[in-house]
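Residue numbering for the sequence shown follows my numbering, starting at 6 and increasing by one per position.
Just so you know, the hints here were simulated from the structure itself, not pulled from any lab data.
Mixed in with the good hints there might be a few duds.
[What the hints assert, rightly or not] Cut-off 30 Å, straight-line C-alpha distance, at most; resulting in silico cross-link-like pairs (DSSO-like, lysine-lysine): (1) K169 with K112; (2) K83 with K182; (3) K96 with K231; (4) K170 with K181; (5) K150 with K215; (6) K127 with K219; (7) K186 with K103; (8) K170 with K112.
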Amino acid sequence: MLSTMKQLFVLVFILASFSTVSAQGSNAYTNNNFKDVIFDSSLKFEASNDNGKIHMSWEEFSNPDENFTYYKIVRSEKNSDPIYPNDGYIKYESDISKTEYSKMTYKQIDVYYRVCAITSDKDRYCSNVISLKEGFEGSKEDYKKDYKKNYTSVKTYGVSYSLKKKANKALDGFIKKVEAKYSSSDDRIASFDKIIARLETLAETKPRVKDLVKYMISYLNSKKEKYNNDFDDIEDIFSDF
């Protein structure tokens with residue numbers, strides 16, 4: 006494991022690049038040297054809506070000729086054939102055995118979901134696509150209660166308290182810059198996703214900072230939740246007063 010000073014140097018290097026981030030909605034995503042998509046029916050992706058709680062599950066990636074790196078769950082409101090990274094993603098998971106994910110939604114809207122397994126050779130094994138209607142049937146007050154109950158906290162990944170505190174301070178500074186630069190939730194989310202993609206690449210090239218990078222990604226994902234349109238709907242409660 007890198008010394009604390011070297012870890013902080015990596016942090017400073019990453020954060021120094023944050024000021025150059027730009028977002029252009031969906032155009033912020035590129036293929037980043039990924040290979041053509043391979044359809045993988047063995048993933049058997051499923052998704053359902055339990056009154057606002059979207060539950061997703063799939064079969065574990067099992068290609069013996071490939072070195073699994075991570076899963077990405079992709080969501081799109083417009084593209085009926087969403088892929089990573091072109092359509093962004095809503096969930097990153099590096100544990101091959103973790104094949105479930107849930108999220109809360111409020112707005113009733115038709116969307117498309119799928120999961121992609123990414124390999125060390127930049128292959129993209131993508132599942133079938135599920136089309137469903139998101140949304141919560143009930144009052145906004147009830148939804149707020151359910152949202153709090155199901156909210157996922159940030160995982161520490163074994164990062165020390167002192168380093169975590171310094172990382173939080175640095176990341177909060179980045180978040181403030183993004184919020185000052187962009188007023189659109191989509192642009193803010195695109196900025197977050199672009200940085201997360203850079204962090205993932207860093208973890209692949211520098212395994213010794215993997216735990217620190219995982220923590221930073223978890224922290225950014227937890228903060229990103231407030232930019233979702235679903236959360237914007239909650240804030241609209243107060244707009245009439």
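Okay, the hints, checked on the actual structure:
1. K169 with K112: Violated, at roughly 34 Å.
2. K83 with K182: Holds. K83 to K182 sits at ~29 Å (cutoff 30 Å).
3. K96 with K231: Holds, at roughly 15 Å.
4. K170 with K181: holds, 17 Å
5. K150 with K215: violated, 35 Å
6. K127 with K219: Distance of about 20 Å is within 30 Å: holds.
7. K186 with K103: Not OK: K186 and K103 at ~36 Å, beyond 30 Å, violated.
8. K170 with K112: At roughly 35 Å apart (the allowed maximum being 30 Å), K112 and K170 break the hint.
Hint compliance for this structure: hints 1, 5, 7 and 8 are not met, and every other hint is.
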